[in-house]
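Novice: What follows is each chain in one-letter form.
Number of protein chains: 4
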Amino acid sequence: MAIAEICLFPLGTGSPSVGEYLKPVIEVIENSGLRYELCPMGTVVEGPIDEILSLVRKCYDAILASGVGRVVISLKIDERTDKKLTIESKVKF
Amino acid sequence: MAIAEICLFPLGTGSPSVGEYLKPVIEVIENSGLRYELCPMGTVVEGPIDEILSLVRKCYDAILASGVGRVVISLKIDERTDKKLTIESKVKF
Amino acid sequence: MAIAEICLFPLGTGSPSVGEYLKPVIEVIENSGLRYELCPMGTVVEGPIDEILSLVRKCYDAILASGVGRVVISLKIDERTDKKLTIESKVKF
Amino acid sequence: MAIAEICLFPLGTGSPSVGEYLKPVIEVIENSGLRYELCPMGTVVEGPIDEILSLVRKCYDAILASGVGRVVISLKIDERTDKKLTIESKVKF
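Residue numbers (our numbering), protein chains in the order written: chain A, 119 to 211; chain B, 119 to 211; chain C, 119 to 211; chain D, 119 to 211.
In isolation and in its complexed conformation, chain A is listed as follows:
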């Protein structure tokens, strides 16, 4: 079970406010069935690697369908083999 953070930066939109392009992406994440948490600098999801990568593909489709001419997707994946990672375990120190 990996933890991933997905951030999308729409470029060339004409306004510094890009929420309208991100809304369909959030919907895709909500509908993925994966556990997730909206964070200020990206959305964190928890799941098997294949489902995470498949979700990234759907986010890519969703943002391009929203009309942006360019997007930068930033993804960070954390995986370990000795025990299961969860969203909650990642904020315990």
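A hint or two may mislead.
Treat identical chains as interchangeable: a pair holds within one or across any two.
[To be verified] Each computed BS3-like pair below joins lysine-lysine, with the alpha-carbon atoms no more than 27 Å apart:
hint, residue 1, residue 2
1, Lys201, Lys141
2, Lys208, Lys176
3, Lys176, Lys210
4, Lys210, Lys141
Note that these hints are calculated values from the structure, not bench results. Just so we're clear, the structure is a prediction, and the values are computed from it rather than from any experiment.
Assemble the complex: chain A is given as a structure, and chains B, C and D must be docked to it using the hints.
Specialist: Chains B, C and D in isolation, oriented as in the chain A frame:
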């Protein structure tokens, strides 16, 4: 007022569990006086760019002082000139 | 055609030198058939989004097979719809 | 001596082509006196942590002065204490 996410990855520690090296970093952030939020893939802070970069410097010092032989610091900064960003405004869509 | 940068950080390895864990990943990228460039902070590849995500999956497999107990994968993808991005076009200003 | 990769994503520019906003940033890096390499997904610099963070500050100033309404700065820093990192050492496997 910029929003930044700071993540530190300690390398060469001998164990996949790296919380002990991150604890002093969290303390540095807590003591910075900046508004912050612990997120699963990094800590988000809100403040003027100079205070954010100064905090990154202190996190760098803290993790090297904790005994790690190598660290990768990942930082993302979001800044806009037309209105004030806040941690809260970044999760409204 | 998207451009992506793939970086892998092996954690918990016992030594700050992690090249031995990255070698099999480089081989996977070389064998992918995609155009690529080794850069100091990651490897840049050029290709369709599906081939890039499929390559990320293979890099994930390769590094876990190399024996690391934990890995952080950092991925950045740049895509635009109005013209074709290439590795070369990204360093022209 | 740390190695860092600096990437800037100008938002809200009206066109997916953002080179004009990045040109002054490249000049700032060239004039920094630090060793650097232009890579497809960011510029890699080599230097002491304080000079790197000071350079990030100057890039931030340069891009805001170029007229963008919003910017996301992505920074990755690699530092180790047992031996000196160089741009060249980072692409040897």
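Novice: Please write out, lowest number first, the hints stated earlier that are contradicted by the structure.
Specialist: Violated hints: none; all satisfied.
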